[in-house]
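Assemble the complex: chain A is given as a structure, and chain B must be docked to it using the hints.
Protein chains: 2
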Amino acid sequence: MTNTKSIEDLIEGYANSEDSSFLIPNTTEDFLAVRPSGNPISVKELVGMFNSKDLVAESSSLVKTHKIEIYGDIAYAVFTLNEIFSYKGNQNKDLSTYTCIFKNENGTWKYSWMQRSQGTTDMKTWE
Amino acid sequence: MTNTKSIEDLIEGYANSEDSSFLIPNTTEDFLAVRPSGNPISVKELVGMFNSKDLVAESSSLVKTHKIEIYGDIAYAVFTLNEIFSYKGNQNKDLSTYTCIFKNENGTWKYSWMQRSQGTTDMKTWE
Numbered sequence: 001m002t003n004t005k006s007i008e009d010l011i012e013g014y015a016n017s018e019d020s021s022f023l024i025p026n027t028t029e030d031f032l033a034v035r036p037s038g039n040p041i042s043v044k045e046l047v048g049m050f051n052s053k054d055l056v057a058e059s060s061s062l063v064k065t066h067k068i069e070i071y072g073d074i075a076y077a078v079f080t081l082n083e084i085f086s087y088k089g090n091q092n093k094d095l096s097t098y099t100c101i102f103k104n105e106n107g108t109w110k111y112s113w114m115q116r117s118q119g120t121t122d123m124k125t126w127e
Numbered sequence: 001m002t003n004t005k006s007i008e009d010l011i012e013g014y015a016n017s018e019d020s021s022f023l024i025p026n027t028t029e030d031f032l033a034v035r036p037s038g039n040p041i042s043v044k045e046l047v048g049m050f051n052s053k054d055l056v057a058e059s060s061s062l063v064k065t066h067k068i069e070i071y072g073d074i075a076y077a078v079f080t081l082n083e084i085f086s087y088k089g090n091q092n093k094d095l096s097t098y099t100c101i102f103k104n105e106n107g108t109w110k111y112s113w114m115q116r117s118q119g120t121t122d123m124k125t126w127e
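Listed in order, the protein sequences are those of chains A and B. Our numbering puts the first residue of the first sequence at 1, with every later residue one more than the last. Our numbering puts the first residue of the second sequence at 1, with every later residue one more than the last.
Extracted from the complex, chain A is given alone in its bound form (with noise of 0.2 Å):
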């Protein structure tokens, strides 16, 4: 499989798991991912917060893959998810854009950071 094709299957991959778990095997020991408030969570916490009655998750899907750059054994990636959750019973449909690092430890990609921005991205500002 070409690096490429990693990467991609890494961002598809976290891009259908609703409940983020996707994440478990396939993130660095060092891994954080830094919410829209600037605050970093765990993939143990982020995983963790499907678990509560009040956050239930409906769909997510990848929207559109805005670069992918690979130098050697790094890689960074950004891409836009359509996230659509309830939160206490208020549903949000989010354009979320995220700022992804990518290692490759001994031949395996793996997520090493994310930053996820708001969910009110529009995607005509990045055409």
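Careful: at least some of the hints might be erroneous.
Said to hold, decoys possible - So the derived list for chain B, only partly shown, Cβ under 7 Å to chain A, looks like this:
1. Ser17
2. Pro36
3. Gly38
4. Met49
5. Asn51
6. Ser52
7. Tyr76
8. Ser96
9. Thr99
10. Gln115
11. Ser117
12. Gln118
13. Thr120
14. Thr121
15. Asp122
16. Met123
Unchecked claim - Calculated lysine-lysine pairs in the DSSO-like style (CA-CA distance at most 30 Å, straight line):
17. A:Lys124 <-> B:Lys110
18. B:Lys93 <-> A:Lys93
19. A:Lys67 <-> A:Lys93
20. B:Lys103 <-> A:Lys110
21. A:Lys67 <-> B:Lys88
22. A:Lys103 <-> B:Lys64
23. B:Lys124 <-> A:Lys110
24. B:Lys67 <-> A:Lys67
25. B:Lys103 <-> A:Lys64
26. B:Lys124 <-> A:Lys53
27. A:Lys103 <-> B:Lys124
28. A:Lys124 <-> B:Lys88
29. A:Lys44 <-> B:Lys64
30. B:Lys67 <-> A:Lys103
31. B:Lys103 <-> A:Lys5
32. B:Lys110 <-> A:Lys103
What the hints contain is simulated information worked out from the structure, not anything from laboratory work. None of the values given here were measured: they were computed from a predicted structure. Even for Gly, the Cβ is constructed at its ideal location relative to N, Cα and C.
Quick look at chain B alone, frame taken from chain A:
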């Protein structure tokens, strides 16, 4: 100058640039910044925002660098700034967290990508 010192200088330079104009000579041609909204903005547009009468920059400074990782000619860094500005007369005191990608072009390190969070970072979450 070591690579680490070069990246630290780029972080300090941007941190202390109230109107972001430090970025003009210190970004790659394809640089974009992802705003808290998830929408991208060019350096020219970013610096242009401060030419608006509605937006008055008061101060900007580095609060904490969370990480710098360098791999050959690519690096990334995560840091939080304290940015104080007024918008239409209302003062904002933002603590915003940034994930930035840097590239070494012909011996000179430059910002090649940036994503900024909302101004709501709780520094306790980074301890």
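Taking the numbered hints from earlier one at a time, note which ones the structure violates and give those numbers from smallest to largest.
Structure breaks hints 1, 4, 5, 6, 16 and 21.
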